[in-house]
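So the sequences go chain by chain: A and B.
According to numbering that gives the first Met the number 0, the residues represented by the first sequence are 0 to 269, in order.
According to numbering that gives the first Met the number 0, the residues represented by the second sequence are 0 to 247, in order.
Honestly, the hints are just simulated from the structure, not real lab data.
No false leads were slipped in.
Once the Cα atoms are required to be at most 25 Å apart in a straight line, the calculated DSS-like pairs of lysine-lysine come out as:
# : chain 1 : residue 1 : chain 2 : residue 2
1 : B       : Lys130    : B       : Lys113
2 : A       : Lys266    : B       : Lys108
3 : A       : Lys184    : B       : Lys59
4 : A       : Lys184    : B       : Lys108
5 : B       : Lys72     : A       : Lys184
6 : A       : Lys266    : B       : Lys130
7 : A       : Lys184    : B       : Lys73
Quick caveat: nothing in here was measured; it's all calculated off a predicted structure.
For reference, the chains in residue letters:
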Amino acid sequence: MTDAALPSLSQTPSRSRAKGPWSLGKTALGLAGLAIFLLLWEAAPGFGLISPLLLPPPSSLPGAFWRDLQSGAWHEAMFASLSHYLLGLALGSGLGVGLGVWAGVSPQFEAATSYIVRILRPIPGLAWVPFAIIWFGVSTGGATFIVAVGVFWINFFAAVAAVQAVDRDLIEVADAFGHRSIRAKLAKIILPAAAPGILGGLRTGLGQAWMAVVAAELFGVPGLGQRMMQASSLLATEIVVVYMLTIAALYGLCDYLFVLWRDALLKWKP
Amino acid sequence: MSNAAITLDRLGLSFVGADRVTPIFEAFDLRVSRGEFVAIVGRSGVGKSTLLRILAGLAKPSAGRFDLALSDKKGTRPIALVFQDSRLLPWRRILANVELGLEGLGLSKQDRRKRAEDALALVGLADQAGKWPHQLSGGQRQRVALARALAVDPDLLLMDEPFAALDAITRRFLQDELLRIRAATGKTILFVTHDVDEALYLADRVVLLAGSPARARLDRRIDAAHPRARDAVASSDLAQDIHRALEV
Numbered sequence: 000m001t002d003a004a005l006p007s008l009s010q011t012p013s014r015s016r017a018k019g020p021w022s023l024g025k026t027a028l029g030l031a032g033l034a035i036f037l038l039l040w041e042a043a044p045g046f047g048l049i050s051p052l053l054l055p056p057p058s059s060l061p062g063a064f065w066r067d068l069q070s071g072a073w074h075e076a077m078f079a080s081l082s083h084y085l086l087g088l089a090l091g092s093g094l095g096v097g098l099g100v101w102a103g104v105s106p107q108f109e110a111a112t113s114y115i116v117r118i119l120r121p122i123p124g125l126a127w128v129p130f131a132i133i134w135f136g137v138s139t140g141g142a143t144f145i146v147a148v149g150v151f152w153i154n155f156f157a158a159v160a161a162v163q164a165v166d167r168d169l170i171e172v173a174d175a176f177g178h179r180s181i182r183a184k185l186a187k188i189i190l191p192a193a194a195p196g197i198l199g200g201l202r203t204g205l206g207q208a209w210m211a212v213v214a215a216e217l218f219g220v221p222g223l224g225q226r227m228m229q230a231s232s233l234l235a236t237e238i239v240v241v242y243m244l245t246i247a248a249l250y251g252l253c254d255y256l257f258v259l260w261r262d263a264l265l266k267w268k269p
Numbered sequence: 000m001s002n003a004a005i006t007l008d009r010l011g012l013s014f015v016g017a018d019r020v021t022p023i024f025e026a027f028d029l030r031v032s033r034g035e036f037v038a039i040v041g042r043s044g045v046g047k048s049t050l051l052r053i054l055a056g057l058a059k060p061s062a063g064r065f066d067l068a069l070s071d072k073k074g075t076r077p078i079a080l081v082f083q084d085s086r087l088l089p090w091r092r093i094l095a096n097v098e099l100g101l102e103g104l105g106l107s108k109q110d111r112r113k114r115a116e117d118a119l120a121l122v123g124l125a126d127q128a129g130k131w132p133h134q135l136s137g138g139q140r141q142r143v144a145l146a147r148a149l150a151v152d153p154d155l156l157l158m159d160e161p162f163a164a165l166d167a168i169t170r171r172f173l174q175d176e177l178l179r180i181r182a183a184t185g186k187t188i189l190f191v192t193h194d195v196d197e198a199l200y201l202a203d204r205v206v207l208l209a210g211s212p213a214r215a216r217l218d219r220r221i222d223a224a225h226p227r228a229r230d231a232v233a234s235s236d237l238a239q240d241i242h243r244a245l246e247v
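Pulled out of the complex, with its shape left as it was, chain A reads as follows:
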C-alpha cells in the first residue's frame, strides 16, 4: 500500500523558548555578579586603595541623590535634559526617516543627494558644536540641534535601506488591486513593510541621542551634563556618579517604553 494520502499541512511549530530552571539560574548569577561588582567598588576606596574623591563608594550615592532631590537640582536638570532629548530626537528622527523614505522611493532624489550625503555623513555630530553655539547660542536650541544631528543619519540610512528592501512583489500587489498612487503605496505597502527597519534605526537613535545630550550640556547648556561638570569641578564625584546613573536609568526607561511600542506595532511578526 503506497497510499500516502495523509495531509499533514498544518502542524503547529513548537516554539517553546528555553525557560525553566536555567533561566532562574541565569538571573541569580547576574544578581550575584552585580553584588560582587558593588562590593569591590565599595571595598576599593574603603580599604584605602584609592581616594574616595577619585572613586566615590556606592554607599555615598543615596545621600548625594537625596540632597539633590531635596534642593530640586535633580528635577531641574532631568527635565531640562529630557526636553533637549525629546525635542532633538523628534526633530532628527522625523527628518531622518522622512528624507530617508523619500530617498528610498525616489531614485532621482537619492541620486540628487548622493554627494551631499557623502560629504556630510562622515562629520561627527559633535563637530557641529561650534555652529550650534553660533546659530543658537548656549541654549535649548543649540542642544536640540546637536541631538538632532546626532540621530539624523542613523535614521536616514535605516529608512533608505528598509524602504529599498521592500519586496517588489508586494508593491505589485498594490498595483494589481488599484492602489497606484505613491501615497497609497506608501500607506498600504511601503511603510508597513519597512517598519521593522525604520524602528530599528529609531531605537539605535535613542542611545545615540543621550550621548549627544550629555555632550551638548558639557558645553554649558543647563541639564544633567552641565550639573555633572559643575559637580566634578568641585570634586563632588558622588554627584557625578548619581547623574551618570540617572542617564543610564532614563535611557533604560526610554528604551523599555520604545520596545513596548515597537512590539505592539510589529505584533504581526512571527
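Let chain A serve as the given structure and place chain B on it in line with the hints.
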C-alpha cells in the same frame, strides 16, 4: 461578436535585455468570450504570465491594442489577479488582507468588512478571519488570495499558476473549490498553468502558447461537463495533442 470580454488585437511586446531584444509577442490576437474559462498553457518563459500582466495593467504592450469589455460597477474592480505565491501582506490579519482591493472604492467600513467576510466564506475560511497570514498553511493562504481577488467582484479573474506551489492533494482540493466558485459566480477566468491535466480538468477552452514570439499553436474548446474524471482527462486525445505540440 459583441460577447467578447477580452480582445487582443495585434499585440506586441518585447523583453529588452542587456545585449538583445527578445520579442515575446508580435501581432498576437486573442479573443475571450464573457463567462469563458480559458486555460493558457505553455512552457515557462513563453509569455503566459506576461499576457496576464498586460491585461492587469502591470506591463505595457509596445504595439497593438487590447480591449476589455468589462463593467465598471460602483464598488467593484473590473479585474483581479491571483499570483502563484499568495502575496498576502504579513502585517494585515486575514480579513484585512481580503479588504485590500476594496479600499479606495468609496465603500463604508461596514460594507468593506461584509464583502470581505462573504469572500472569505466563499473560500471556506470564514473562521480564520482574525489570524495572521503566517499562521495559515500554504493552501489556506492561497485561498485567502483567491478571496482577496473575489472580494472586489471582478468581471475578469486572472490566475497565474495559482496552485503550482501547492502539494498535490491541496491542489486538487483547490481546483474543485475553484470550479464550485466559478459555477456560483460565472466569472470570466483566464488561468495560466504549465500543468496540462489541470488545464483540461478546469477549463472550457485551452490555448497553447509556443515559440518566440509566442503564437497560439493550439486553441481548442472542451465541452465535457463538470465534474470531469481526472484520469479520463489525462488520457484524452486532446491531452495527447497538447503534449505533442509542447514537444515540438
